[in-house]
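Participant: Next come the chains, spelled out residue by residue.
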Amino acid sequence: MAKESGIGGTLTVDDAGGTGRAITNDVTSLTFNSTRGVQDVTGLDVAAMERLLLLNDFTITINMVFNDTTDTGCFNVFKATSDNDTRTVVYTHSGNTLTAECVLQSVNWNRAQDGSLTGSATLVLANGVAAAWT
Amino acid sequence: MVKKTGMQMYLYLQGLDISGDIGSIGAIRSSSNPLDVTGIDKSAMERIHGLRDGEISFNCYYNDALSTPVLKALPTTNVLALVIQGSTAGSATWALTAKQVNYNWSRNADGSLVGSVQLLGAAGFPLESGNLLLAKTTHASATDATGIDGAAQSTVGAVGFLQHFSGSSGTIEYDIEDSSNSTNGVDGSWTNLLAFSDVVTPWAATAQRVAVNGTVERWVRASTNGTFTNASFAMALRRRYAGEHDAA
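So the protein lines, in turn, are chains V and F.
End of the first sequence sits at 134 in our numbering; the numbers just go up one at a time, nothing left out.
End of the second sequence sits at 248 in our numbering; the numbers just go up one at a time, nothing left out.
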């Protein structure tokens, strides 16, 4: 394996009904963060930092172009706001798959002065299970 | 359908079409403020939805003949905004029952004068995404629009949105009808799904949000009834989904 670009990745996100929708072609860029809390536990008797890891977390921000194709367009995937739903987020790249169960925190659409209509959706971890690569 | 631009979008505010005065819409936001409910037995975050919210914010131009008199009033009551992507029936819509919280202006060094307006959800409803039943149009008398196909019946209600721009005479009855057996949005049998409050003299601009519970048939359409002339309006519908906060 050599160094790779991000070309060729795929993204699937559940709609409000729990059906995974491949919205890859609507997505222009994305950012995801797999983070862990860190507790400083440095004792008085040591000369360098001591740390423990705390809760895992995951956040993904998806930037996209408006597409209202029935069921599969990103507008329809994110338009419903069910109270108890969680969304399975699956990102694949080069044979690796990242999966996380998230709540949809926000969806924001922007009609810019140049005529473009773009949106961003932010999802955050929901189920107490760390996002995992397989 | 494919990826689309934001050209030919429209923004109706409380029965006024101010689309031509708007240069950009910076935010059409739906958010849920997730709550941290992580148990001590977990090693990663657990979250559930908290309060939902909505926002529509836009930049506008100064126009004494259209948007400025309405926006500068900064009403203390709720306003109903409807944003439409496209003008054909079935196009995506966003509706927000909101408070207008500001009306700010910048006179820039290049001579431009640009205003900004923020609408924030105010009635316990989040931003509501739906579909256009009929773009701004005028019915000279009672008329049924061609319906749109929802692909299947839904069972947990819907919310209708009316933007009434003007009328000339009589009593305008605005309705949304549904049909289980239409094949093209015109034929078949249609029944009343929900009714907006009648609009009467002086037919002033207004907007309404009406919710209905239960079954919504596959096809839905905008309909005007009563004896009137020249009802100018637009209409949209949001089908509720199971699990949504107001599904019923």
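Incorrect hints may have been included.
Stated by the list, open to error - Ranges of calculated distance between the beta carbons of each label pair, as one might list FRET restraints:
| no. | chain 1 | residue 1 | chain 2 | residue 2 | range |
| --- | --- | --- | --- | --- | --- |
| 1 | F | N104 | V | H93 | 41 to 47 angstroms |
| 2 | V | Q113 | F | S180 | 42 to 48 angstroms |
| 3 | F | V200 | V | F32 | 52 to 58 angstroms |
| 4 | V | A47 | F | S112 | 58 to 64 angstroms |
Said to hold, decoys possible - Chain V regions said to be covered by chain F (calculated; three or more residues, Cβ under 8 angstroms):
| no. | segment |
| --- | --- |
| 5 | 3 to 10 |
| 6 | 13 to 26 |
| 7 | 38 to 46 |
| 8 | 87 to 98 |
| 9 | 123 to 130 |
FYI, nobody ran anything at the bench for these hints, they're computed from the structure.
Glycine included, C-beta positions come from ideal geometry on N, C-alpha and C.
Participant: A separate judgement is required for each hint: does it hold in the structure or not?
Facilitator: Against the structure, the hints come out as follows:
1. For the hinted restraint 41 to 47 angstroms between N104/F and H93/V, the CB-CB distance of approximately 43 angstroms keeps it satisfied.
2. Under the hint 42 to 48 angstroms, the C-beta atoms of Q113/V and S180/F, about 44 angstroms apart, fit the expected range.
3. Between V200/F and F32/V, the C-beta spacing of about 55 angstroms keeps the proposed range 52 to 58 angstroms intact.
4. Between A47/V and S112/F the Cβ separation comes to about 60 angstroms, which falls inside the hinted range of 58 to 64 angstroms.
5. Three residues within the 8 angstroms Cβ limit are the bar, and the segment 3 to 10 of chain V against chain F gives 0, so the coverage statement is violated.
6. Remark: the segment 13 to 26 of chain V is confirmed as covered by chain F, as 4 of its residues place a Cβ nearer than 8 angstroms to a Cβ of that chain, reaching the required three.
7. Counting residues of the segment 38 to 46 of chain V whose beta carbon lies closer than 8 angstroms to any beta carbon of chain F gives 0, which falls short of the minimum of three for the stated coverage.
8. Counting residues of the segment 87 to 98 of chain V whose beta carbon lies closer than 8 angstroms to any beta carbon of chain F gives 0, which falls below the threshold of three, so the coverage claim is violated.
9. Coverage of a stretch by a chain is defined here by at least three residues with a beta carbon nearer than 8 angstroms to that chain's beta carbons; for the segment 123 to 130 of chain V and chain F the count is 7, and the condition holds.
Hints 5, 7 and 8 from the list above are not met by this structure, while the remaining hints are.
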